[in-house]
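Use the sequences and the hints to build the structure in full.
Here the protein sequences come in this chain order: A and B. To get the numbering used here, take the position in the first sequence, counting from 1, and add 48. Going by the numbering used here, the residue at position 210 of the second sequence is 201; the numbering climbs one at a time, nothing skipped.
Bear in mind the hints are in silico, worked out from the structure with no lab data behind them. If a hint is listed, it holds; no wrong ones were tucked in.
In the SDA-like style, the derived pairs of lysine to any residue whose C-alpha atoms are separated by at most 25 Å in a straight line are: (1) K168(A) with A251(A); (2) K139(A) with K327(B); (3) K52(A) with N309(B); (4) K62(A) with D0(B); (5) K368(B) with P82(A); (6) K229(A) with T98(B); (7) K327(B) with L234(A); (8) K126(A) with Q72(A); (9) K324(B) with D161(A); (10) K271(B) with Y(-2)(B); (11) K238(A) with N334(B); (12) K361(B) with V(-3)(B); (13) K62(A) with D312(B); (14) K101(B) with M227(A); (15) K45(B) with F252(B); (16) K52(A) with E372(B); (17) K229(A) with M333(B); (18) K194(A) with E325(B); (19) K202(B) with I51(A); (20) K238(A) with T98(B); (21) K62(A) with R273(B); (22) K368(B) with E69(A); (23) K105(A) with E372(B); (24) K90(B) with G230(A); (25) K232(A) with M333(B); (26) K327(B) with D224(A); (27) K139(A) with K324(B); (28) K46(B) with N34(B); (29) K229(A) with L103(B); (30) K229(A) with E106(B); (31) K134(A) with L245(A); (32) K46(B) with L225(B); (33) K151(B) with P180(B); (34) K52(A) with A323(B); (35) K208(A) with G230(A); (36) K126(A) with E372(B); (37) K216(B) with P55(B); (38) K238(A) with A323(B); (39) K327(B) with G201(A); (40) K368(B) with N63(A).
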Amino acid sequence: MAIKYSEKVIEHFKNPHNIGELEQPSGAATEGSPACGDQLSIYLDIEEGTNVIKDIKFQSYGCASNIATASIITDMAKGKTIDQAKEISWKQAAEELGGLPPVKMHCSVLAVDALRSAIKDYEKKHLGKEFDESMSKENVKKELQKIIYGKVGVDILTLKLVKYIGIDNDNNIIIDLEMDKGDKFLPDIKEEIEEHLSKFDRANEIKINVV
Amino acid sequence: MNKEQVYLDACKTTRLDPKVLEEMKPYFLEKYWFPGNFTDIGNEIADEISESQKKIAKTINAEPGEIIFTSGGTDGNNIALKGIMAANREKGKHFITSKVSHPSVLTVFKALEDEGYEGTYISADEEGYLDLEELRSSIRKDTTLVALTHINHTLGTVQKIDAISEILQNANHKINFFLDSCEAYTKIPIDVKKQKIDAISISGHKFNGPKGTGFLFVKDGTKVKKTQNGIARLHPLKPGVVNVPGIVGITKAADLIFEDFEGHVERLANLQKKLYDGIKQRIDDIRLNGPALGERSPAHLNISFMAVEGEAIMMMLNFDDIHIETGSACSAKELKADYIMMNTGRTFEESHGSVRFTLDKFVTEEQIDKTIDSLEKTIKELRRRSPLGKKKTN
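Below, the structure written as structure tokens:
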């Protein structure tokens, strides 16, 4: 079957909202990487005291759905408090666009991830909040939750494809995946896992076993 | 689809030439017989097919009896590769191909490996040329076949067939030399005798012929085991229905190009140059993928636009009714970067922003102008949106 975009995705790709940069953002973040194929930067202007997002801009190095999901999520976040904006899920963003093809669902995850990271950046800089970003099993799990199995458009944790997460004494992260070795999405999932877990500076090697 | 479409994806497939359709029509509606003996229409059709074999053979300097009509490039590849390996099984089970061969070659070899055959996949350099030293050193006593893609479908690289032939001729035993020439036929001259080629697979729909047609050249005396069974009406290697309209169609399509082959190639090369020059003049930070113009296929251009993504370019051009192909992982069903780009030392970014333009005889100069205009606008807009684009738009 052909992979198709909804009319709303096309509309947001043709005329994206909130494109650009903010000169002095109160919070900003970049997620993804050119190596992975998509990269998204989000810039926030947040009113101190009320914590309302007054303005929001984005820049995307990515495909049509990447641009469209960034466009819709910045629309959704504008005018909301940071606590409300943090609650926006990738499923909601995709629904708001009239759906996304399963293979493109990761774009919606990236958009949510970039928004939440930008808010976190604000919270750190302006609210003095501290976050546990250590290489704990819990934080590894949070990263894996952002990885979508492109065949069905759902994350690999929800699909129970991850059978084991471990960190050994040499700081190697060990992931056991229950997948067919011939699965065509396996190379993509492995790449995504490496990309996401490489943000833990302490990580030595990322070992992925397919069981 | 009322508006004129600018179709620059001829490497994938092409529009049927209306003259070809006219030629085929009677063989659907009136002369729908199979070739036969003793009866008038059956004879007429048999003569028509003989004539087609002669005409096709002439285009690659083969003998008429060496031409087998198939249903396309993949069909020909399957018949030849499986058939040659099976026929030579006693002599050896080793084949050589390359890491940048077309999937229709690689998938056949994957199936052969599952049956116990062994393969060596030689590398290519940055421009897509095969490492001939590696080819030479990969030859084993039990190597029975070297099968390569003549022109690379992604980079437009024309492999050095004469040099490859020489290596094979100098081996201590007979090694069959097969070429998938689907991209090469009608773009560069092919002479199977001079170039010492044993088998070639060609597809009709790549040069404005009908889909579902093709031909296989198999040099007289080459051992090929039958891999399909049925009534052999024309040739034992391709039994079953005889696609008479298709045979007439692919022959007419070839005729129309070979009546002025040099003129056709020159026209393509001029369009290619016009497109490349236009892009170079109006868009900065681009990379040409594959060999320089003049050394590559005249119908083929592959360019990476830095800081932007190919699927987005493809869709933007589509809004202007222009059709191209991209190597971006985003446009791939399994989100994988193009294997040719990755196997010829390109970065992800280069692969990601790569656009392939491939030409056929229906492309006009006006369409090239329109494409350059649309590209300039598209790249400017996508770089404005891109976090990597800042340094590129200043």
